[in-house]
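Using the sequences plus the hints, can you model the full thing?
Here's the letter readout for the chains.
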Amino acid sequence: MHGFANPKRFLSLVRWLTPTMLASGLVLAAVALAWGLWFVPPDRLMGETVRILFLHVPAAWLGMGGWAAIAVASAAFLVWRHPLAALAARAAAVPGMVFTAVCLATGSIWGRPTWGTWWVWDGRLTSMLVLLFLYFGYLALAQAVAREGGSSRIPAIFGLVGAINIPIINRSVVWWNSLHQPPSITVGKSAIDPQFLAPLLVAVLGFSLVFGGVVLARMRALLGDIQADARLRRKAGEAA
Amino acid sequence: MRTIAALLRRDLARLLPGGRGGGMMLPLLFFLAVAMVYPFAVGPDAQLLAATGGGVIWVAALLAAILPLDRLLAGDVEQGLFDQWALRGISEELVIAVRLFAHWLGFGPFLMLAAVPASALVGIDGETLLLVELGLLAGTPGLAAIGILIASLTIGLRGSAALAGLLAIPLAVPLLVFGAGALSAPGEGGLALTGAISLLLVAIAPFAGGAAIRAAREE
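One line per chain: the protein sequences are A and B, in this order.
Positions 1 to 240 (the numbering used here) are the ones given, in order, by the first sequence.
Positions 1001 to 1219 (the numbering used here) are the ones given, in order, by the second sequence.
To be clear, the hints were calculated from the coordinates, so they are not data collected in a lab.
Quick caveat: nothing in here was measured; it's all calculated off a predicted structure.
Where is the CB? At the ideal position from N, CA and C, for every residue including glycine.
Some hints could be false.
Partial list, derived from the structure: chain A residues whose beta carbon lies under 7 angstroms from chain B [as the list claims (entries may be wrong)]:
#: 1; residue: L134
#: 2; residue: I154
#: 3; residue: K235
On the chain B side, residues computed to face chain A include the following (Cβ under 8 angstroms) [as the list claims (entries may be wrong)]:
#: 4; residue: L1153
#: 5; residue: G1156
#: 6; residue: A1161
#: 7; residue: V1173
#: 8; residue: V1177
#: 9; residue: F1178
#: 10; residue: L1199
#: 11; residue: V1202
#: 12; residue: A1211
#: 13; residue: E1218
Okay, structure coming up:
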């Protein structure tokens, strides 16, 4: 793992890994979505609306997985001062936020015909909404720190504190929800038929690869920024 | 021990309401102002106010807790006091823990006092008021801990006040859920859970805050 602390070795690895992950991920995701749209029978209870599942479930998984990635990378950065870990945490935040937003949007679109309303204060929906605001906060903090030359340990600390709080937020929202209304329809709880499970797994794998590719591409861009800055400063020093 | 006493005396002189620099007076007045505008927004219907007033007090308390964050620690860092303390071998964690206690002392009990007139403004009865007070007693240490934590993370950033609000609100969701939730389901453990989350936050805040202040020093 420490071998990749060397940016050069890391860059030579991601040069071919990024396009490979992005391309294979996009192909797999497209296959899974087409499979889900045209070749899966409508669900007995949910009808045609079940097809949004193949976008919604990977988005939910990656929305939560994004913060897990931030937490792991932040911990690695705080403990070992691994410089690429700070970049990885920052790079994971934007795709994580986008997938969380996609999860909320698709859930809302699914809820309109199924529950008859765009939004219910259901436990899972609500905790995803709070997670989205945690992403907003993390990104705002990381950008402010980067702009004003602060320490990248600041967003890492917030990432870890957020990770400690996410399970508590989740449990609290479930408790709050059971207080105010009976649990919403939990069709998803019933065992998933293999007909749905296969394309779902392909979709999760495909979107995860896209996520990984985007993170690597963003890390490359951030690293490029830093190197360009350093080169400019060196040139300016030589000229003076 | 003498160090802690000296730090606490200094912090209390600044943070108690009416202390040097206004202390926590403005957040308390802000808290009352929020309680005052709520009936203007929803109308003076007594039933509606009584049903929702307790929750409004909680929201007002959360907003008031965010208000003083940008000057809670930033001044001492800018003046280099934390560096001086570090030279004397006083750890950032200790300073933050003392500051957390002083901040709560200048904020929590007075907020509970201010909740009494606020409860009249939003029209809740005595029974609900008691639950609100108990909830605030259990929840304000957690709010103060979130405040210290966010204040230490946003030191020296421009526009830190707005940023602090964005960072603090999602972290405060569990306190609000259990604290305000205890109003509609008394005896279901909401108050105990509020206290538990508060204690957890109080335990985390000095370490996270100390790490943040050291990080700000090194760059």
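Evaluated hints:
For L134(A), the shortest C-beta to C-beta distance to chain B is roughly 5 angstroms, which falls under 7 angstroms, so the interface hint holds. Proximity of I154(A) to chain B holds as hinted, the smallest CB-CB distance being about 5 angstroms (cut-off 7 angstroms). The closest approach between the C-beta of K235(A) and any C-beta of chain B is roughly 23 angstroms, which is over the 7 angstroms cut-off, so the hint fails. At about 5 angstroms, the closest approach between the beta carbon of L1153(B) and any beta carbon in chain A falls short of 8 angstroms, and the interface hint on this residue holds.
Below 8 angstroms, beta-carbon pairs count as interface contacts, and G1156(B) has one with chain A at about 7 angstroms; its hint therefore holds. Evaluation of the A1161(B) hint against chain A yields a violated restraint, the C-beta minimum of about 12 angstroms exceeding 8 angstroms. The interface hint given for V1173(B) holds, since its Cβ lies 5 angstroms from the closest Cβ of chain A, which is under the 8 angstroms cut-off. For V1177(B), the shortest C-beta to C-beta distance to chain A is roughly 4 angstroms, which falls under 8 angstroms, so the interface hint holds.
Given the 8 angstroms rule on beta carbons, the hint for F1178(B) holds: about 6 angstroms separates it from the nearest Cβ of chain A. Hint status for L1199(B) relative to chain A: violated, with the closest Cβ pair at about 12 angstroms, above 8 angstroms. A distance limit of 8 angstroms between C-beta atoms decides the matter here; for V1202(B) the minimum to chain A is near 13 angstroms, and the interface restraint is violated. At a threshold of 8 angstroms, the smallest CB-CB gap from A1211(B) to chain A is about 6 angstroms, leaving the interface hint in force.
The interface hint given for E1218(B) holds, since its Cβ lies 6 angstroms from the closest Cβ of chain A, which is under the 8 angstroms cut-off.
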